[in-house]
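Undergrad: Spelled out from the first residue to the last, the chains are:
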Amino acid sequence: MSTTQTPGQSTPSIGASIPRREDRRFITGAGRYTDDIVLPNQAYAYILRSPHAHALIRSISTDAALAAPGVVAVFTGHDVAADKVGGIPCGWLVKSKDGSNMVEPPHPMLVADRVRHVGDQVAVIIADSKAEARAAAQLVEVDYDVLPAVATLGDAITDGAATVWDQAKGNVCFDWDLGDKAAVKAAMKSAYKVIEIEVRNNRVIPNAIEPRAAIGHYDVSGDNYTLYTTSQNPHLIRLLLGAFVLGIPEHRLRVVAPDVGGGFGSKIYHYAEEAIVVWASKKIGRPVKWTAERSESFMSDAHGRDTVMKAHLAVDKEGKFLGLCVHNVANMGAYLSTFAPAIPTYLSATLMAGCYSTPAIYVEVKAVFTNTVPVDAYRGAGRPESAYLLERLVDKAARELGMDRLEIRRKNFIRKDQFPYKTPVALEYDTGDYESTLEMALQKVDYQGFSARREASKKRGKLRGIGFSTYVEACGIAPSALVGQLGARAGLYEAATVRVHPTGSVSVFTGTHSHGQGHETTFAQLVADQLGVPYDKVEIVHGDTDKIPFGMGTYGSRSLSVGGSAIVKAVDKIVAKGKKIAAHLLEASEADIEWKQGEFLVVGTNRKKSIGEIAFAAYVPHNYPIETVEPGLEESAFYDPKNFTYPAGCHVCEVEIDPDTGVVQVVEMVAADDVGVIINPMIVDGQMHGGLVQGIGQALYEEAQYDESGQLLTGSFLNYGMPRASDFPFFKVGNHVTACTHNPIGAKGVGEVGAIGCPPAVVNAVLDALAPLGVTDISMPVTPEKVWRAIESAKATH
Amino acid sequence: MRDFQFHRPSTVADALRILRQASQGKLLGGGQSFLPVLKLDMAEPSDLISVSGIPELRGIRSDGQQVTIGAATSHAEVARSAEVRAKIAGLARLADGIGDPQVRNRGTIGGSLAHADPAADYPAAILGLSATVKTDRRSIAADSFFTGLFETALEPDEIITSVSFTVPQRSAYAKFASHASRYAVVGVMVAQYAGGVRVGITGAGPSAFRWKQAEDALSIRFSADAITAGMTYPSDDLTSTPEASAEYRAHLIPVMTRRAVQAALAG
Numbered sequence: 045m046s047t048t049q050t051p052g053q054s055t056p057s058i059g060a061s062i063p064r065r066e067d068r069r070f071i072t073g074a075g076r077y078t079d080d081i082v083l084p085n086q087a088y089a090y091i092l093r094s095p096h097a098h099a100l101i102r103s104i105s106t107d108a109a110l111a112a113p114g115v116v117a118v119f120t121g122h123d124v125a126a127d128k129v130g131g132i133p134c135g136w137l138v139k140s141k142d143g144s145n146m147v148e149p150p151h152p153m154l155v156a157d158r159v160r161h162v163g164d165q166v167a168v169i170i171a172d173s174k175a176e177a178r179a180a181a182q183l184v185e186v187d188y189d190v191l192p193a194v195a196t197l198g199d200a201i202t203d204g205a206a207t208v209w210d211q212a213k214g215n216v217c218f219d220w221d222l223g224d225k226a227a228v229k230a231a232m233k234s235a236y237k238v239i240e241i242e243v244r245n246n247r248v249i250p251n252a253i254e255p256r257a258a259i260g261h262y263d264v265s266g267d268n269y270t271l272y273t274t275s276q277n278p279h280l281i282r283l284l285l286g287a288f289v290l291g292i293p294e295h296r297l298r299v300v301a302p303d304v305g306g307g308f309g310s311k312i313y314h315y316a317e318e319a320i321v322v323w324a325s326k327k328i329g330r331p332v333k334w335t336a337e338r339s340e341s342f343m344s345d346a347h348g349r350d351t352v353m354k355a356h357l358a359v360d361k362e363g364k365f366l367g368l369c370v371h372n373v374a375n376m377g378a379y380l381s382t383f384a385p386a387i388p389t390y391l392s393a394t395l396m397a398g399c400y401s402t403p404a405i406y407v408e409v410k411a412v413f414t415n416t417v418p419v420d421a422y423r424g425a426g427r428p429e430s431a432y433l434l435e436r437l438v439d440k441a442a443r444e445l446g447m448d449r450l451e452i453r454r455k456n457f458i459r460k461d462q463f464p465y466k467t468p469v470a471l472e473y474d475t476g477d478y479e480s481t482l483e484m485a486l487q488k489v490d491y492q493g494f495s496a497r498r499e500a501s502k503k504r505g506k507l508r509g510i511g512f513s514t515y516v517e518a519c520g521i522a523p524s525a526l527v528g529q530l531g532a533r534a535g536l537y538e539a540a541t542v543r544v545h546p547t548g549s550v551s552v553f554t555g556t557h558s559h560g561q562g563h564e565t566t567f568a569q570l571v572a573d574q575l576g577v578p579y580d581k582v583e584i585v586h587g588d589t590d591k592i593p594f595g596m597g598t599y600g601s602r603s604l605s606v607g608g609s610a611i612v613k614a615v616d617k618i619v620a621k622g623k624k625i626a627a628h629l630l631e632a633s634e635a636d637i638e639w640k641q642g643e644f645l646v647v648g649t650n651r652k653k654s655i656g657e658i659a660f661a662a663y664v665p666h667n668y669p670i671e672t673v674e675p676g677l678e679e680s681a682f683y684d685p686k687n688f689t690y691p692a693g694c695h696v697c698e699v700e701i702d703p704d705t706g707v708v709q710v711v712e713m714v715a716a717d718d719v720g721v722i723i724n725p726m727i728v729d730g731q732m733h734g735g736l737v738q739g740i741g742q743a744l745y746e747e748a749q750y751d752e753s754g755q756l757l758t759g760s761f762l763n764y765g766m767p768r769a770s771d772f773p774f775f776k777v778g779n780h781v782t783a784c785t786h787n788p789i790g791a792k793g794v795g796e797v798g799a800i801g802c803p804p805a806v807v808n809a810v811l812d813a814l815a816p817l818g819v820t821d822i823s824m825p826v827t828p829e830k831v832w833r834a835i836e837s838a839k840a841t842h
Numbered sequence: 460m461r462d463f464q465f466h467r468p469s470t471v472a473d474a475l476r477i478l479r480q481a482s483q484g485k486l487l488g489g490g491q492s493f494l495p496v497l498k499l500d501m502a503e504p505s506d507l508i509s510v511s512g513i514p515e516l517r518g519i520r521s522d523g524q525q526v527t528i529g530a531a532t533s534h535a536e537v538a539r540s541a542e543v544r545a546k547i548a549g550l551a552r553l554a555d556g557i558g559d560p561q562v563r564n565r566g567t568i569g570g571s572l573a574h575a576d577p578a579a580d581y582p583a584a585i586l587g588l589s590a591t592v593k594t595d596r597r598s599i600a601a602d603s604f605f606t607g608l609f610e611t612a613l614e615p616d617e618i619i620t621s622v623s624f625t626v627p628q629r630s631a632y633a634k635f636a637s638h639a640s641r642y643a644v645v646g647v648m649v650a651q652y653a654g655g656v657r658v659g660i661t662g663a664g665p666s667a668f669r670w671k672q673a674e675d676a677l678s679i680r681f682s683a684d685a686i687t688a689g690m691t692y693p694s695d696d697l698t699s700t701p702e703a704s705a706e707y708r709a710h711l712i713p714v715m716t717r718r719a720v721q722a723a724l725a726g
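The listed protein sequences correspond, in order, to chains A and B.
Heads up: the first sequence is residues 45 to 842, going by the working numbering.
Heads up: the second sequence is residues 460 to 726, going by the working numbering.
If you are wondering where the hints come from, they were derived from the structure by calculation, not from laboratory data.
Since the model is a prediction, treat every value here as computed from it, not as a measurement.
Certain hints may be false.
[Claimed, not checked] Only part of the chain A face toward chain B is listed, based on derived beta-carbon distances under 10 angstroms:
{"hint": "1", "residue": "Thr207"}
{"hint": "2", "residue": "Trp209"}
{"hint": "3", "residue": "Gln211"}
{"hint": "4", "residue": "Ala212"}
{"hint": "5", "residue": "Thr335"}
{"hint": "6", "residue": "Ser341"}
{"hint": "7", "residue": "Glu747"}
{"hint": "8", "residue": "Thr758"}
{"hint": "9", "residue": "Asn763"}
{"hint": "10", "residue": "Met766"}
{"hint": "11", "residue": "Pro828"}
Think of the CB as a built atom: it goes at the ideal place given N, C-alpha and C, for glycine as much as any other residue.
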């Protein structure tokens, strides 16, 4: 799987670490991002945001701002209401245990009466320049009547808490469950021991390197609209913005997402600013551009995680898991972002089996509103929360039973011969090999040598610990019919068009959209391999709804397994049509035509036609089976997966702790993963490195913190700890492949596994290092002060 | 950000004249603290007067007992200076650990001291290294320079021209940096002189201060274990932030002081 190949060389190119064709333009600053686009006569929008977490708007006066230099228009929530514009919709309906729908509050693109988080949009100021719009915003007078705020998840469910939405009693959005409650209750009764844990998954801020931006352009001559936006899924934005917010039919609305500089989920969602610039463009008759400042990103990009989970694990004497009960409280923020309700439910609760054969599982999820930025999917989206709970819990079970941490995992693993395996929480794992990735990880980390390394650290005054995490996750959320039953308001298939040009070059149009993943390279390798054409002759087109078929975009590690499979299906149609044309040209029967590495051969002869010759014949159909075959060589396919894919693996972390300061240093990070069949190993390694960095970032450094009044305390890089290259050792990553059984590539997905598997490995390593001092619990992020306090309080009680 | 007049005078006298004439004048060093403030609309000067092009404010001189650094000298220049490295190694290392390379190439010692950020590194240095801050009109001893949070003894129209450090027998700076910002959570400059030891501490409180108890102990015996387990700094007046509470900063003060002593002894 690690052959190397230079671009331009012919097939096959699956498994080759081809350098990314995107990199030249990205590295040299030649990428074309939304903010790089300048339209003639474009005006600039500045969004005035609420400085309060919760307040009534008594009045807004825009007169002074309107009179300021360069100002074209100022709009408020009253203008939005007067135009009868729709609210920003939520894309997933979750029902409570009692069958009632979740509380789905309105989400206007500009708020007229009551702001609900710091950063909520109150007015838009549009001017000839960005500086003029920003300066004029200071002249908008808003009279606020400040209300008590619900600042944290804990506050939301406290008796007597303030109310974010009057219609949400006790701030509850929904109270949902999954699994067999009675079976779990019985398991707890029969258990030798019940292990209890409570863990908090810290709230994080995505911080893509490219801030969000949007340009709206209403063209009066064609009565149509274009939105340029920083999006992971332009078709989804077109659907939500057109159908739900502004009432623009698809054929009059084009959404273009050019190069996108990172997202980690935060650019999936339809945001108010996208609707504002399109709506405002029509109102003022000019293109309107908005680009977020970094401090705006902190308070307006959807945040991630923010859950508190309590769990009980019933075990027998030998350490076999008998039943698991989980109670999860999940923060939704002030409004429901596009996929928010699905994250703690269908993307987290369904993963509570992990890679273990626990026979009975019951999960409750209470989602709550707070006066904070909306929370939605962030790299891993629900699965990191489950993996973190389970892997902390399994370690705790081993400790309380006096068992080895690896032995208890092995004892409970779903064995290789048990696949396909149906979990008690609605999923069916198609394939996996958890023993092998664990073994690979142990070898890579040199587990045998750990005690010697621990001694060496001790001599230097450092506490060394090793931590493990064996996880499974679910990617490529599907099939559409199932997710529809579960409340999704969109399909989750993917689409592709493959156009073979007359001279044999190929354009591939995909509904997925790269925001750093290297699709232009990976998909070209895939098509070059499947069609038998040189890699350099394949281009990938994405990100423009006028060009690409209706596809769902890139998130949930779905692009290769779902989007790639759609491409393969389209290629299959090309080959099928090519066979008919080849049969005609070679004067053979279609049944005698064989397809092999870019050529159509007559079985048992040396007569053949290349794909290029077939393409030329298809576009210049002089000698052609015109009665039965249409000219041209272009095919589209839509692929709706039968199931999720299930990447899994083992992450091992070693830390050194300075007991005097509490500083934790990651000194070894090993990841052995099964992400299915790999197209470009270098890109897969890169995805792993990035995922691990974010996973360690969450474990050790990152946390969005609000004070009791709902002010964001970590609103800039001065106080929000981003991981840095100097924080890390060289990662050791490896793959053990079991092919996905239900997609034509065998791919599972790699984009999120680093962020899913590694945080519990890091925290388990910290607890292992501190175990000799009597420390048994610590929360993420594991800051130096937390470590110091844990050591101090252990000293006081031991 | 409002419009302002930008000036780049070439003498201290010109800078002072422009400053006095301006309705809301502001002196600018490297701008590493002030430009973010300006961009966030937290200050709206009518006139911004850059002093970094004034020749008399630049350069590093030494006369054996003193190392004098011009106010407009960048952190990178201090870090690189053979003279500083030879005579006050702790100061060179301190300068080399400020911010990141971009900050070090732009930021200046005068700008940093006049700004008086409680988490900046240089305040520990001027206290620990018994420095004198020279201005257009007088000399201010380090001990009376900082008067509070972001406050100094400088008059509104006073310009720092240079800072003179007293060369110690040995010195070292130990910094516990914020993971997010790389500013000092606690930074300790320890300097040993024939007449005694000085300990300057930054980051921990609203402005930099000296830790007399440690100075006394280290003056008797210059060794890390002279800072005994029983020697603690009261947390009452220290800073609490979400990243580090006052108690934690109080804990770090002796820890980082010991590390500074060890580093000074190690050379």
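Undergrad: Next step is simple, just say for each hint if it's right about the structure.
TA: Going through the hints against the structure:
Taking 10 angstroms as the C-beta contact cut-off toward chain B, the hint placing threonine 207 of chain A at the interface is violated, the least distance being around 26 angstroms. Hint status for tryptophan 209 of chain A: violated, given a least beta-carbon distance of 28 angstroms to chain B, over 10 angstroms. With 10 angstroms as the threshold, the beta carbon of glutamine 211 of chain A stays out of range of chain B, its nearest partner Cβ sitting at about 33 angstroms, so the hint is violated. Look at alanine 212 of chain A: its Cβ only gets to about 28 angstroms from chain B, farther than 10 angstroms, so that hint breaks.
The closest approach between the C-beta of threonine 335 of chain A and any C-beta of chain B is roughly 14 angstroms, which is over the 10 angstroms cut-off, so the hint fails. This hint is violated: serine 341 of chain A has a C-beta 14 angstroms from the nearest C-beta of chain B, more than the 10 angstroms allowed. The closest approach between the C-beta of glutamate 747 of chain A and any C-beta of chain B is roughly 8 angstroms, which is under the 10 angstroms cut-off, so the hint is satisfied. A cut of 10 angstroms between beta carbons decides the hint on threonine 758 of chain A: the least distance to chain B is about 7 angstroms, and the hint holds.
Given the 10 angstroms rule on beta carbons, the hint for asparagine 763 of chain A holds: about 5 angstroms separates it from the nearest Cβ of chain B. With 10 angstroms as the threshold, the beta carbon of methionine 766 of chain A comes within range of chain B, its nearest partner Cβ sitting at about 7 angstroms, so the hint holds. For proline 828 of chain A, the suggested interface contact is upheld, since its CB lies about 8 angstroms from the closest CB of chain B, less than 10 angstroms.
Taken one by one, the earlier hints fail for this structure at numbers 1, 2, 3, 4, 5 and 6, listed in ascending order.
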